[in-house]
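Visitor: Using the supplied hints, reconstruct the complex from the two chains, each of which is provided in its own coordinate frame.
Chains as they are written, first to last, in full-length UniProt numbering: chain F, 1 to 117; chain R, 1 to 367.
Hints are computed from structural coordinates only; laboratory data are not their basis. Computed from a predicted model, the values in this text were never measured in an experiment. A virtual CB, placed ideally from N, CA and C, is assigned to each residue, including glycine. Honestly, I wouldn't trust all of these hints.
Just a few of them, taken from the derived set where beta-carbon distance is under 10 Å, the chain R residues facing chain F [stated by the list, open to error]:
no., residue
1, G68
2, A71
3, R197
Counterexamples of contact, computed for chain F against chain R with all Cβ distances above 10 Å [unchecked claim]:
no., residue
4, G4
5, I6
6, V13
7, P26
8, A39
9, L52
10, N54
11, R76
12, R86
13, S101
Looking from chain R toward chain F, a few residues come up when the C-beta cut is under 7 Å (computed) [unchecked claim]:
no., residue
14, D6
15, P8
16, E59
17, E70
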Amino acid sequence: MSGGTITQLRRGVVGPCILALLADGPRYGLQLGRELEAAGELLTSQGTLYPLLNRLSEANLVTSRWELAEAERPRRYYEITEAGRRELAEFRRDWSAFAGSVSDLLDRAGPTGEEPA
Amino acid sequence: MTTTDDHPLVRAYLRRFDAAAARLPESRRERLRAEIAGHLREATSDDSSDAEVRLVLAELGDPGMIVGEEAATEDRPDGIRPAWIAGGVLLILSVVVGYALQWIDPLPVGISLTSIAWAAGLLVLAFGRPSVTARRPLGTAALAVLAIWSVAAGVVWDLIARTIDQSDPGGAGTAFGLVDTLGAFVLAAIAVVQIARIEVVPRPWRWAPAWVLAAVSVVWLINQLAGVTLRENVVAIAGASSPWTPSQGSAECCSWAPSRSASARRSCDAPSTARNASRVRSRSHRMLMTGVHRPSFGESMSRRRRTLARAGRWAAVVTAMAVVAVGIGSVSAAQAVTNYSGARLAFEQTFFAYAAAGELPGTRSPR
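The following block holds chain R by itself, in its conformation from the complex (with noise of 0.2 Å):
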């Protein structure tokens, strides 16, 4: 006597099925096979004959198409999304990892370990299962081409600070800086537009992308802004006994995505960080220019210090936000707001280094 899972049917008929359902996730595969053999059981009897299995198994429907329907459940928006798990926390990693080491080159050319974590958290929102895309074609090339465009940008900018003209403010870092940030400005903009109108992320989070898009270039457009009076000031201040005029700090050179490494950002980043220290100015330069005060090593690193609160103030601000866009990709202007810190940073540093070497009006040299 044969039991019903021996029938030589029916067992043709569960290798099929395993067959097919080979690309689903595990968990959810034995519980779909459970629940088949279990309707095999429940309709058969162990005397049924092969007529009556094979009625069964047709009544039953095709192995692929119920897994194709259980695959078409697993991109519903109220499903367990391990893809976007493991995007978001990429991306979260690549706006932590940003800080860490956003003054070191762990990789040549250009390349960082923060674009590399942020170019593979979009890949994998663009491309894992579900696709916040539904790998639709606009959407999931605007995310992949802005991933590839992280990296990319990074070797391009490390290019640019090794064989940058100092002389020439206007030059090839100014024009890149333009192209590097509208370009990734409009592939983000793109992939939002996209997530939301594709609606396989879950209401109301599929909008979430361009929220923090919207608060991060409002965030952006302020930086540029209180840069152009900054940048005035300091040119007063400094005039032309800096190596490095303020001028050469395009606002262009601030880009959207974290693909520039340390040494580009470096670069770049001291002189356009004239636009974002206002604050900095106002305290420190009053000092500076009334020759009042020259902040000693102690006070310049205790500045140093609040400067690296600020910054982890901002840390857990953009990490904040990356959360929200958690399983939802394509954020890449929230990193952005790193880039406004690590310049703001890199202003302080440079700023002072010049006041502590007396290259200021009203300040003396140390020597």
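Just chain F, same shape as in the assembly (with noise of 0.2 Å):
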């Protein structure tokens, strides 16, 4: 694939990737770059969570706050809002639709991309 599509693929599906690793809790960035890597080619670079994060938290779907606890240093830790749950839960139901429809056709166009005969 080449990396122009999958940089678009990621552009589509980091967003509500955070937001579901967000829905079981909050977590800092580093955290979160780190499960989103272990997950997957998901981000392109780490740093590139922040303006993500950015964006989710100007669009109202998650909240940071300062926390500082003993023999750490402070960390910005995010946590999902309500918004951004009703956000994830429709983004589950379209992906679901829209995963399968390409499966579908992938499937159909055959390992080689050609129509089977």
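Guide: Put into structure tokens, the structure is as follows:
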């Protein structure tokens, strides 16, 4: 797959993936970045996570707060909002149908990309 | 011992980040830098080796890529858009100032503050960040040319106003009026369609410029149709005694763009208002025709106050329309409403001036 295509795909899905992680509980930036990397090629680099978090924050889908635990450095924790949960639920519904449609088409085309005879 | 921030590799990375992020707005740049620096502090420790720091920096990614993502984020439809606010304020100012200064020529050669504010508003919306046309060639060019047109047309109108042959109603004024109106309309139409299609402006506002353009087009069209009837009536009333013939006030003389200077507007609007003032005609002209009543100076002033009050209401309407257009740009057609109101005012002033001079049938000269 070309770099441009995977970049576009990432842009479309990484936001809801961040919301899905935050739906389990608050997380700080590095933690989110590592979990997304562990899940697969969801981030171009960990640094690109922060503009995405800013976007979600300004869309009121997540909130953030600074926490200072003992013997730790101050961390900015991100938390999903109610609007974020609704957005995630909507994406979940859309994604099932979308992924199903794409899979059907790809299966029909066969592994080489050619229509089976 | 060095802290993470003091690590030469981290310092070098943050310097590269600062250079790349210089193009971002300050608040966004500072927030992103704090997050990146916090990430580096979190991912490294004070005794991290160079190799470990290099690995962390590699995972974090190139500063230019991070800033590029942030810049792309800045252009998203749900963000703050200072350029749209600035452009919208300029458009509103052009409408409001147009009313306040419509009889004044503050600048030479037909360039008015109104047209400058209007043009500046369009340019800010076209080239600001984010651009309402995403700086794509067609829509951006349409807005830019419309802005230049608004100013340039004022100069041309001023030249025509100075040199127009009053006995040649179908001359340069009429021809340029047609070109001015149609040209501005075509440019505005291209711009509003592009704004709607490019989808930088969030729904449903991306169609708002098109709504405004359609609304003002309808007003303008009604204006023209009403003027045909009124013009015929004024011809019948004024006959050949008037120094200007109503036919001189061609429909094309009323321009879309707020580009005409006050002098050009006066010379053009006075006759063209014939098509704008059917209500005035139906009330005042009836009295004039029967010779029952000639308005006194006080009554005339009262009418002017009422006219100004109506102009004020129009100003409110136009301002509201301009507010709709804030963040959208390219609503040059809204200014047509301004011209409409100004033209009506000019008609009333001109008409009553002739009435007071006894140059209309059924009236007597005060002399």
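Visitor: Please check whether R:R197 passes as an interface residue: C-beta within 10 Å of a C-beta belonging to chain F.
Guide: violated, 20 Å
Visitor: Taking the shortest Cβ-to-Cβ distance between F:N54 and chain R, state whether it exceeds 10 Å.
Guide: The assertion about F:N54 is violated, with a minimum of 6 Å to chain R.
Visitor: Take a quick look at F:S101 and tell me if its Cβ sits farther than 10 Å from every Cβ on chain R, holds or violated.
Guide: Holds, since 23 Å exceeds 10 Å.
Visitor: Would you check whether the claim that F:V13 is not at the interface survives, using Cβ distances to chain R and the 10 Å cut-off?
Guide: Holds, because the least Cβ-Cβ distance between F:V13 and chain R comes to about 15 Å, which exceeds 10 Å.
Visitor: Does F:A39 sit more than 10 Å from chain R, CB to CB?
Guide: Answer for F:A39: holds, closest chain R Cβ roughly 15 Å.
Visitor: Verify that the Cβ of F:P26 lies farther than 10 Å from every Cβ atom of chain R, and report whether the claim holds or is violated.
Guide: holds, 15 Å
Visitor: Would you settle whether the hint for R:P8 is holds or violated, based on the nearest Cβ-Cβ distance to chain F being less than 7 Å?
Guide: violated, 19 Å
Visitor: Does the claim that F:L52 lies outside the interface with chain R hold up, using a Cβ gap greater than 10 Å?
Guide: Contrary to the label, F:L52 does not stay out of reach of chain R, its closest Cβ about 7 Å off (not over 10 Å).
Visitor: Grab the minimum C-beta distance from R:D6 to chain F and call the hint holds if it beats 7 Å, violated otherwise.
Guide: violated, 15 Å
Visitor: Grab the minimum C-beta distance from R:E59 to chain F and call the hint holds if it beats 7 Å, violated otherwise.
Guide: holds, 5 Å
Visitor: Looking at F:G4 again, its CB stays over 10 Å from all of chain R?
Guide: holds, 14 Å
Visitor: Run the C-beta distances from F:I6 to all of chain R and say if the shortest one exceeds 10 Å.
Guide: holds, 14 Å
Of the numbered hints stated above, those contradicted by the structure are hints 3, 9, 10, 11, 14, 15, listed in ascending order.
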